[in-house]
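Enquirer: Single-letter residue listing:
There are 2 protein chains.
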Amino acid sequence: MSSVNSSHPPHAVDTLLEARWVVPVEPHGVVLEHHSVALAGDRIVGIAPIELARERSPNAKRVELAQHVLLPGLINAHTHNPMTLMRGLADDLPLMTWLQQHIWPAEAKVMGPEYARDGVELAIAEMLRGGTTCCNENYFFPDVIAATYRRHGFRAMVGLPVIEFPTAWAKSTEEYFDKALAVHDEFKGEALIGTSFAPHAPYTVSNASFERLRMLSDQLDIPVHLHLHETAQEVEDSRRDHAVRPFARMQSLGIINDHLIAVHMTQLLDSEIAQIHEAGVSIVHCPESNLKLASGFCPAEQLRRAGVNIALGTDGCASNNDLDMFGEMRSAAFLAKGVAGDASAWDAASTLRAATLNGAKALGWGDRIGSIEAGKQADLIAVRLDDIETSPMYNVISQLVYAAGRHQVSDVWIAGVRKLENRVLVGMDIRELMTKAQMWQTRIASSA
Amino acid sequence: MSSVNSSHPPHAVDTLLEARWVVPVEPHGVVLEHHSVALAGDRIVGIAPIELARERSPNAKRVELAQHVLLPGLINAHTHNPMTLMRGLADDLPLMTWLQQHIWPAEAKVMGPEYARDGVELAIAEMLRGGTTCCNENYFFPDVIAATYRRHGFRAMVGLPVIEFPTAWAKSTEEYFDKALAVHDEFKGEALIGTSFAPHAPYTVSNASFERLRMLSDQLDIPVHLHLHETAQEVEDSRRDHAVRPFARMQSLGIINDHLIAVHMTQLLDSEIAQIHEAGVSIVHCPESNLKLASGFCPAEQLRRAGVNIALGTDGCASNNDLDMFGEMRSAAFLAKGVAGDASAWDAASTLRAATLNGAKALGWGDRIGSIEAGKQADLIAVRLDDIETSPMYNVISQLVYAAGRHQVSDVWIAGVRKLENRVLVGMDIRELMTKAQMWQTRIASSA
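Protein sequence lines correspond, in order, to chains Y and V.
Position one of the first sequence corresponds to residue 1 (UniProt numbering), numbered consecutively onward.
Position one of the second sequence corresponds to residue 1 (UniProt numbering), numbered consecutively onward.
Quick caveat, the hints were computed from the structure, so don't treat them as lab data.
For clarity, every value in this text was computed on a predicted model and none was experimentally measured.
Every residue, glycine too, gets a C-beta built ideally from N, C-alpha and C.
Hints may be right or wrong, so weigh each one.
As the list claims (entries may be wrong) - Here chain Y is said to cover these stretches of chain V; the calculated rule only asks that three of the stretch's residues, wherever they fall, bring their Cβ under 8 angstroms from a Cβ of chain Y:
| id | region |
| --- | --- |
| 1 | 283-295 |
| 2 | 400-412 |
| 3 | 427-441 |
With the hints as constraints, model all of the structure from the sequences given.
Expert: What follows is the structure, encoded as C-alpha cells:
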C-alpha cells in the first residue's frame, strides 16, 4: 500500500494528488496522512508519502489537497436517474397512490429519449458535485442513457429493462429483449459503460422472461439488476399468486446466483440470508427510499455479519429526493444501528466500504474500481474537511460518514479525468441544466 | 396574513425582506410567492406582496432574496452544545462503553467554563450557518453558556442542571439548586435568553430534587427539560428500582404538566400518550441520536396524530454528529414514515412545523418565535433554492425538507439582526473558532 508499485516505472506517473489524508478503503479502515496518490493516464499507480512520491516522479503534475481527504469515488448502486426530473413531484403519499396517480401518469406523458437524456444530465451534475463517480442505472431508453453517460465521461452500469407491459421504449417482450441485446452490443467494450439485465421485479416479469434473461446473462457474463422483496406486500402477493416467496421463485428460475444484484430486500428469512451468502448474490440497500416509501427495514447489519456483499443506493429522486451518497451513508449507518438495536452496527469504515468497494463488487467491477489500489481506475474524490461543521477532527472516516456534507466535495476524477475542480463542474453548464429542468418541470407539472 | 398589520404605522418599517417565496409556517402549509416580510427593529410587522410593501414603506431598506425562500429560523429543541468539541470522538460503540469509557472521562478532564464557552461558540457558528436561530441548551456551566449566547446575539433557553453527583459545576444537590437560582436571576429579563430546570434523567435525580424543582418551576414559571424514556433499559431499571415506569414516577412527583419538555420518549404506551396530550407536555424527538445510539424508535406519527406538541432536536454532537436541523427534519420525516409503516406520515409541512413553531411552543415561546407573523420576533432564515440539487421545483416545502441542504442557507436574522450574510458569519471569525477547536481536540484526545 505504501509504496509505488514497482511494475510501473516512475516516468509513467503523470499526476500526483497530494492529500492531507488518503482513505484507500482497502486495506479496511486505514487512514494515511500526507500521502500522494500517483496516476498514469486513467489508472492509479500507487500511494506513497508525499516527499517520496515527489522524488520518484519529479516531473509529474502536482495537485495540492492540503485540507482534504482523498478517497475512492462513491458508487450509487441503484438509481433511476431520468427521474431526477421528478424530484419532489409527489411526496408524502401512500406507495400505490404515489405510483398509480402521480409517477406513472407523469412518466406516460414525458417518457422518451429527450426525457431520459436531460434527466441523466441533471443527475450527472448532482452526482459529480456530491462525490459519486459511478452509478447502477435502471430505466427505459438505456441506449440514450448509456450514450449520455459516455458523452459526459461518467462511469455507469446501464440496465436493459425487461417488463411485461408496453412502454415508450418497447411494445412487447420480444422487443424488450431485441432492444436489450442491441444496446448491449452497441456499448460492448466501452471503457466507462457496462450493461446489465434489469428485469423490473418478480411481479412484473414472467417466468419465461426470467429464464430467458438468466440464460443471456450467463452467456454475456453481465449482471441481473432486480428489485426484490421491496415490501411485505410483494412477498404476500407472491405467496398468493405463486405459492412461494419471490426469493424461492427466483431460485427455481435460476436467478439466485453471483450475477444477481438484488435491490431493497426488506423482507428476509434467516434461511434466505444464508442462501444469498452462499450464492454470492449482492444486495443493494436503499435506506432512504425504504423509509420514505415506508417499504420496510432491510436487516443490513445481519447481512453484513453474514458476510453478504451489501452496497448502497439512493434509488430514484422521486423517492429520496436526492442522489446524495454522503447522506445515504449516514442514513444507512444510523438505520442499521437502530434496526439492529446495536450502536456498534455498521461502523463508519464498513459504511464507507458499502458505498465504494461493495458497490464495485456488486457490479462485477471489484477489480476495476471501489478502492485506491495500484492498477485500478483513477476514480477519486477529494473532500475538504477544514470547515466548522467538520471540526474538531478526531477520526477521518467517522467525520466523512457522520459529519461531512456532500457540498464539501471539492474535486472529482473519473478514469483520471478531472470532472469537478474546486466545486466547479468541468464541461457542464449548470445554468443550462437548470433551464432544462425548469422546462421539464412545466411539462410534467401540467400532466400531473 | 397577506396585509401589513395596521396597528404598526408604515413608517415603523425599517427593512423589507423581498423573497421569491415565503413560508410563514402559520397558516400551516402556505407558500406565498413574491412577498415581502416587513421588519421594524427586532419585530416582524407583516407580510405583503413585494410591490405593495414597497408602496407602503418606500424608505425601508430592501433586501432582495430573488432565488430564496424565507422562513422562520429553525429551533433545535434539545442540544448539549459544549459537546460540539467532542464531535466524532467516539463513534460506533455500545451506549455504556461510549458513555463510561469515552465521554465521561473526556468530560471529567476538560469540563469547565472555558470548555463550555468555546464549545458553545463553535456550535453557534454551525447553527447559524445551518439556519438554526434558537436552541434549547442542556449542559453544565449555564452561567457561561447563557453569557456566550447573549454575547453572540443567539436566542437560547438555557437549562439549569440538577443531578445527584458532583461535577466541576456543583458539588452537592444544594449547590446545584443555589447556582440554578443564581443563574436564573442573573439572566431574568434578557431579551434572547430564557432559563429552564434541567434535571438530567429520572435515574440520576432523586424524588426530593424532582419535587423541589417542580415547585420552583411553578413559582418561576419556567420549563423543565428532562431526558425521559430514552431507552427500554431505563424503563426496565425503573420498574426494578421504583416498581413503576419513569413516566408514572414523574406523574407521582407532579412533573407531568405543561412545563415539561420531555426528550426522546422512545418507549411509550398508548395510555401514556393520552396522558401526555392531556397534560400539555411537549415532546422533543431526536431521531438521529436515537438511531445512532440505538436507543429505540419514538412513535412520532402516533404522537402527532394524538395532537401532542412534538418538536425536534439534534441532541449533542457526540451522538449525531452535527447540529444540522435540515438533516434532522429529513431524518424525522423518513423515520416517522418507516416506523408508522405509512408513507404519508410526517408530511413535509408538519415536519417543518415541528422544527419551528412546535419548538417555540415547547419552550413556552409560541407567542414570540416559530412562525412569520406580525408582532413576532424577526428570527428568519433565507434558503437559496436555485441549485442543481433543488431542481426542478414542484413544491417549496417538500424541497426544503427532502432535498435542500443546510449549506443552502444564505442569510439569517435573529431579533432583526443579521447574523449570516450571503453565507458569511457576521462578527464571528471562523479561522479563530477552528483554531480553538483544534486546541481542544488536542487536549481531549490526549485524555481519551
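Enquirer: Please write out, lowest number first, the hints stated earlier that are contradicted by the structure.
Expert: Hints that this structure does not satisfy do not exist here, as all of them hold.
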